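Q: Take any residue in the first sequence, count from 1 to its spot, add 29: that is its number in this note's numbering.
Simulated from the structure, these hints should not be mistaken for lab results.
All values derive from a computational prediction rather than experimental measurement.
Incorrect hints may have been included.
[Stated by the list, open to error] Label pairs and their computed distance ranges (CB to CB):
(1) Gly165 x Ala107: 47 to 53 angstroms
(2) Lys302 x Glu147: 49 to 55 angstroms
(3) Gly254 x Glu275: 16 to 22 angstroms
(4) Ala107 x Ala350: 58 to 64 angstroms
(5) Arg32 x Glu275: 28 to 34 angstroms
(6) His244 x Asp54: 36 to 42 angstroms
(7) Ala350 x Arg424: 43 to 49 angstroms
(8) Lys167 x Glu297: 46 to 52 angstroms
(9) Ala240 x Ala418: 53 to 59 angstroms
(10) Lys167 x Glu114: 31 to 37 angstroms
(11) Ala361 x Asp54: 47 to 53 angstroms
(12) Thr77 x Gly165: 47 to 53 angstroms
(13) Glu177 x Asp54: 30 to 36 angstroms
[Stated by the list, open to error] Think about it this way: if two alpha-carbon atoms lie no more than 16 angstroms apart in a straight line, the pair counts; the simulated EDC-like pairs of lysine to aspartate or glutamate are:
(14) Lys302 x Asp313
(15) Lys81 x Glu95
(16) Lys598 x Glu508
(17) Lys305 x Asp269
(18) Lys257 x Asp233
(19) Lys415 x Asp377
(20) Lys305 x Glu318
(21) Lys63 x Glu486
Cβ coordinates follow ideal geometry from the N, Cα and C atoms, glycine included.
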Amino acid sequence: MPRPNDEVAALLREQAELIAIVGGDAFKARVYEKAARSVAGYQADVSTLDIKGLRQIPNVGASIAEKILERFQEGRIAELEALRERVPAGVRRLMQIPTLGPKRAMMLYQDLDIASVEQLSTAIGDGRLRGVRGFGPKTEQNLLAGIELLRTAGQRLLASAALELAEELIASLRPLAARIAYAGSLRRMRETVGDIDILVAAEDSAPVMGAFAQHPVVGSVIARGETKTSIRTATGTQVDLRVVPEQAWGAAMVYFTGSKEHNVRIREIAVRKKLKLSEYGLFDVDSGELLAAQTEEEVYGRLGLPWIPPTLREDRGEVEAALRGELPELVAERDLRGDLHTHTDLTDGVATLAEMLDAAAARGYGYYAVTDHAPNLYMQRMSDQKMLAQREQLRALADSYPKMAVLHGTELNIDPEGEVDWPPEFLAGFDVCVASVHSHFTQDEAAMTRRLVRACENPYVNIIGHPTARMIGRRPPVEADLDEFFRAAAGTGTALEINAYPDRRDLSDEHVLRAKRFGVKFAIDSDSHAVGHLDVMRYGIGTAQRGWLEAADVINTWPLRELRAFLRKGR
DNA sequence: GCCGTTTTCGGCCCGACTGTTTTCAGTCG
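Using the sequences and the hints, build the whole thing.
A: Below you can see the structure in the form of structure tokens.
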């Protein structure tokens, strides 16, 4: 996805929020939001479009097209600047606290002069919210819990944002480096990262260090030395650049990829063999002789280990498995034959059915399921007629994709009792049914467990979508007896989703590890709402690998015949 | 501010939950 689109989308989203905060027309705010989503999901680079081209984008009319043009011609949008004058940035940030929306954020600012999350936290502690209209004791508790959630996860960056930044920096520095790559938790594909580590091999470190320190994303240079430069971006992300000699590349990659715990384990193995492992290489303790450093394979090899994939390097048993020669053959993106959870503009997607199918076919998929929302997610205004009309349209388009089977599915809503939207006779018409929790997240554990188990027991439900409904940094996972849930999924032939969306990653890697022990099968899905979202699969693969999955565990790596047999669910 | 097989004005994503109220505003999906 072209970056200018993301930037414009962020500006439009900001304008939408600011309109809502200052109490502007709610419909107007909504249009800006919709336009932001359309721009983010639009194929063409908006910075290359003229007024006419911009107006082709859904939900972009004369006014918003002008503003986008203004952004690229003037470097700013005057109306947005004027709104920013009225609302401090911290007030907007207050809205990131779950349960705090635009109205009460503005009230806090106007009545109590609270303009940051920190100030709100202090104000609650001082009892300054007592007696303020709309803020009772329960609200105070909820706000404090929300602030805590922000504080713990909010400091970290989603892997998607980190990867984008890392790839941009690497692209610009590559001409100055013999070798360059990112390491750290990003290479291990954790959900979030605290900072970004970039490793460079170069004879002379000065040119690459200089270029790095002067890169446009740099807000401030924290430290600058011979082998390491640290910067902070304007948005607060720390990036460390380390330069090593090319002959030490492998040892440095091992060292800087971590995790710390993994490194401790392999260093112990080295010590037992009278070796010493550092970022400069693997050495014989007695003679000081360098034994291996050039590649990771060599380093692991001299320790008596096979190369261990970065996504496993968490000291969760990978060293022992490697010693036994029992490392899993991890599922990889190239193993995926299709995507089983995607949306179109029939509900909340921004691309048409044909656009999504084209993009899926271009990825070389052997099958692809369209699973728009079902009627009980009321805001989507789904109906039997609309769903059947889509099926007809889809069957008609299927001939255009001789190499890709086009499956018609839906994403059902699991209601508090575990029931879903349609009766069996209607569900029977779908090729695949995803079912997800979209509301009533706070049921107690027993009720939530029963709800999820019942959904698995439904003979038409094939995949439980984003099974814990968590949003990273926004909403905790639902409380349920996961072991019972996983047992039910395995027993009923219901796959559990690894939703690849970067702020979901749901199931998480820990849950995948646990579920696999029950014999659960998984579906790695993009949950795409736009053409560009099909690429988020890499994060789903990251989570699957971190959960030690092999291709056989993942139903959308299977040939179509086998997949279809699984989807029949013994019916 | 956008949109149109209800078309240039008058609608627009609907319903439920939470926590606050004492009949409802705010937030969420």
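Q: Confirm or reject each hint.
A: Tested hints:
Look at Gly165 against Ala107: about 40 angstroms separates their beta carbons, and that is not inside 47 to 53 angstroms. Here the CB-CB span from Lys302 to Glu147 is close to 51 angstroms, well matched to the stated 49 to 55 angstroms. Taking 16 to 22 angstroms as the suggested C-beta distance range, the pair Gly254 and Glu275 conforms, at roughly 19 angstroms. Between Ala107 and Ala350 the CB atoms are about 60 angstroms apart, so this pair conforms to the stated range of 58 to 64 angstroms.
A hinted range of 28 to 34 angstroms for the beta carbons of Arg32 and Glu275 is consistent with their spacing of about 31 angstroms. For the pair His244 and Asp54, the supplied restraint of 36 to 42 angstroms holds, since their beta-carbon distance comes to about 40 angstroms. For Ala350 and Arg424, the hinted distance range of 43 to 49 angstroms is satisfied, since their beta carbons lie about 46 angstroms from each other. Between Lys167 and Glu297, the C-beta spacing of about 50 angstroms keeps the proposed range 46 to 52 angstroms intact.
Under the hint 53 to 59 angstroms, the C-beta atoms of Ala240 and Ala418, about 55 angstroms apart, fit the expected range. Remark: the range hint 31 to 37 angstroms for Lys167 to Glu114 is upheld by a beta-carbon distance near 34 angstroms. Against the hinted window of 47 to 53 angstroms, the Cβ-Cβ separation of Ala361 and Asp54 comes to about 49 angstroms, which satisfies the hint. A hinted range of 47 to 53 angstroms holds for the C-beta pair Thr77 and Gly165, which are about 52 angstroms apart.
Hint check: Glu177 to Asp54, Cβ distance near 34 angstroms, so the stated range 30 to 36 angstroms holds. Only pairs whose Cα atoms come within 16 angstroms are accepted, and Lys302 paired with Asp313 is accepted, the gap being roughly 9 angstroms. Restraint check for Lys81 and Glu95: the C-alpha separation of about 10 angstroms stays at or below 16 angstroms, so the hint holds. Under the criterion of a C-alpha separation no larger than 16 angstroms, the hint pairing Lys598 with Glu508 is inconsistent with the structure, at around 27 angstroms.
With a C-alpha separation of about 25 angstroms, the suggested pairing of Lys305 with Asp269 is violated against the 16 angstroms cut-off. Annotation: proposed proximity of Lys257 to Asp233 holds, straight-line Cα distance about 13 angstroms (limit 16 angstroms). Between Lys415 and Asp377 the CA atoms are separated by roughly 14 angstroms; this keeps the pair inside 16 angstroms, and the hint holds. In summary, the hint linking Lys305 to Glu318 is supported, as the alpha carbons are separated by about 10 angstroms, within the 16 angstroms threshold.
Our distance criterion of 16 angstroms between C-alpha atoms is broken by Lys63 and Glu486, whose separation comes to about 37 angstroms.
Checked against the numbered hints above, the structure violates hints 1, 16, 17, 21; every other hint is satisfied.
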